[in-house]
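Order-wise, the sequence lines are chains S and Z.
29 is the number of the first residue of the first sequence in our numbering; add one for each residue after it.
29 is the number of the first residue of the second sequence in our numbering; add one for each residue after it.
I should point out that these hints are in silico values taken from the structure, not numbers from a laboratory.
Because the structure is a prediction, the values reported are computed rather than measured.
Among the clues, some could well be false.
Identical copies carry no separate label here, and so any pair may be met within one copy or between two of them.
[What the hints assert, rightly or not] Quick list of in silico lysine to any residue cross-link-like pairs, SDA-like style, CA-CA up to 20 Å: (1) K237 x R204; (2) K237 x P201; (3) K237 x N279; (4) K237 x G171; (5) K237 x G260; (6) K268 x Y333; (7) K282 x G311; (8) K237 x G205; (9) K282 x R102; (10) K287 x G311; (11) K268 x L242; (12) K287 x Y145; (13) K89 x L121; (14) K89 x D250.
Number of protein chains: 2
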Amino acid sequence: MPRMTDRGHIIDGLALANVYREQIAARAASVTSRGGRVRLDAVLVESGDNAARVYAENQAKTCAQLGIEYRLHRIVAPAGQTPTFDDIAGRVLLLSSDDDVTAIMLHLPLPSGVDAYRVQRLIDHEKDVEGVNPANIGNIVYGRSSLAPCTALAVVKMIEHVLGVAQGAEHQPRLRGKIAVVVGAGDVVGKPIAVLLMRHEATVVSCNKFTPALAEVARTADVLIAAAGVPGLITAEMVKPGAIVIDVGVNRVKAPDGKMRTVGDVEFEAARRLAAHISPVPGGVGPMTVSMLLLNVVEAAERRYGRTDQQP
Amino acid sequence: MPRMTDRGHIIDGLALANVYREQIAARAASVTSRGGRVRLDAVLVESGDNAARVYAENQAKTCAQLGIEYRLHRIVAPAGQTPTFDDIAGRVLLLSSDDDVTAIMLHLPLPSGVDAYRVQRLIDHEKDVEGVNPANIGNIVYGRSSLAPCTALAVVKMIEHVLGVAQGAEHQPRLRGKIAVVVGAGDVVGKPIAVLLMRHEATVVSCNKFTPALAEVARTADVLIAAAGVPGLITAEMVKPGAIVIDVGVNRVKAPDGKMRTVGDVEFEAARRLAAHISPVPGGVGPMTVSMLLLNVVEAAERRYGRTDQQP
């Protein structure tokens, strides 16, 4: 058995998310004290999906704790009917054009047949705190200020946190000169992560299911990001000793005891013996992603009402 | 001395551009025959830059040859003054909102102090035939239909051409499973190329000036794209035998005879001994980029007026 010291440090996504929550609360209070408003307008399409409703209720509580005004816009169809694209898109457009609204999010899923992307692109890009409007990812490619997709932002902040601790380089471009391998090139998660890492001056390798000799490529990574949605894909042989491993996968699998469990894409215990730092699932990228949404909310409010303090 | 057969095939950008021109002319004629219009509205800010004016004149001639209506909008300030952001942006907005306009391009450079990016993002993304509106690159990340940036599109079409010839795989995703290394991660060229290659399911490595062991990384490339703007950066030791090498660099250097010459980023003759296919500078990506703009013009017209024929 390896000794404890042979195992990588676990990146506590919950603890780091809480650090960000304190910053968010402080920045929100600062905006409010100067007469501004920090507000999140969320659109929830009632379609019997319990998970989205529970998520919205939790979000309301979190916002209350952080001093963010939360307005939930429920879209309900007459009995026996389902809200249409027009119902949902119309509401989003209304919020986009409302001067009092600075931050919009759209709860998923939408009713079947309604293309979420067609709705998301109607969100004013300056209010798009989920970073799902294509103009926002485009602005990242072109090196301009932008609200970044929350999952990609969570990944980058976690890596920067680890690199900052390791190097004491608080104000350096921490990813510069690092090789970051992203396994998984999906449109919603993998590609945006790769783009944001490029923006941070990493050498970025975007892999997909057609990548030849994946293990060999992955082993070149100073930072290995698993975003394939395949449980157990990342084995120990893919991890360079001393690497940072960030697991973005969220997979529901049946455990040996017959119960359902949530696992990532990484064989955690095996990979941990090689990695210097590794994020767990659950408790890694997930809670950080939730905080990044609220970071974008306060960011959008500051752009509207101005900011006073230095940003971390 | 190596024998002729030891040297890579030169990718003739001019010949390939002419193949595309024939396609563009045929598609333009098809749109016109069905009562539609194929039209390019170009904005030229008069600021004494002769190169831009010459380019616009050549563009007018080319459009006439291909059956594309060309309208040049000159923005001229009163004597002794320079056109402002408002002058230029106002004209672009007017064209963006004009239903008769389907394709807009903005000649560079703009007067000093006018941020081209702030103007370009005002171009309606469906008329943005240069692919410079951030929404268009965002749509590429998210896997949606989009007008791609012309240089990136030129690179991908050249690679697909070579792979198609080599494999006879006319309707396959030709870049799938290939390792594409992009040397240079600039906002305008390098990053958009990397994004478009991801969209085409390549394994993409985005390198920048901070990449460690660049030669080693470059030698993994099935397809090596040089987009750094550094003459001679890509030496023979960076080229894997049998690779495809695409040189996007355009550098003006002083030749031994004292005259100015245009060269790429690749040490052409040395790299050619290893590469299977290699694009020259000049005569490679340059002429293809010009044709890709016009391909986007006819594409935008077809989206408006419909298309009948199969696309290549």
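Each hint tested on the structure:
1. Proximity of K237 and R204 under a CA criterion of 20 Å is satisfied inter-copy only: 9 Å between copies versus 27 Å inside one chain copy.
2. Taking the shortest Cα distances, K237 and P201 sit within 20 Å of each other only across copies (14 Å), while inside one copy they are farther apart (30 Å).
3. When the C-alpha separation of K237 and N279 is checked against a cutoff of 20 Å, the pair qualifies only within one copy, where the shortest distance is 17 Å, while the shortest distance between copies is 37 Å.
4. Taking the shortest Cα distances, K237 and G171 sit within 20 Å of each other only across copies (16 Å), while inside one copy they are farther apart (29 Å).
5. In the homo-oligomer, the alpha carbons of K237 and G260 lie at most 20 Å apart inside one protomer (14 Å), although the nearest pairing across protomers, at 34 Å, exceeds that limit.
6. Taking the shortest alpha-carbon separations for K268 and Y333, neither the intra-copy value of 45 Å nor the inter-copy value of 54 Å comes in at or below 20 Å.
7. In this homomeric assembly, K282 and G311 come within 20 Å of each other (Cα to Cα) only inside a single copy, at 19 Å, whereas the closest approach across copies is 58 Å.
8. Proximity of K237 and G205 under a CA criterion of 20 Å is satisfied inter-copy only: 8 Å between copies versus 26 Å inside one chain copy.
9. Taking the closest pair of Cα atoms, K282 and R102 never come within 20 Å of each other, the shortest separation being 34 Å inside a single copy and 67 Å across copies.
10. Taking the shortest Cα distances, K287 and G311 sit within 20 Å of each other inside one copy (19 Å), while across copies they are farther apart (63 Å).
11. When the C-alpha separation of K268 and L242 is checked against a cutoff of 20 Å, the pair qualifies both within a copy, at 13 Å, and between copies, at 19 Å.
12. When the C-alpha separation of K287 and Y145 is checked against a cutoff of 20 Å, the pair qualifies neither within a copy, at 34 Å, nor between copies, at 53 Å.
13. Neither within a single protomer nor between protomers do K89 and L121 lie at most 20 Å apart by alpha-carbon distance, with minima of 26 Å and 43 Å respectively.
14. In this assembly of identical chains, K89 and D250 lie within 20 Å of each other by CA distance neither inside one copy nor across copies; the values are 38 Å within and 52 Å between.
Of the numbered hints stated above, those contradicted by the structure are hints 6, 9, 12, 13, 14, listed in ascending order.
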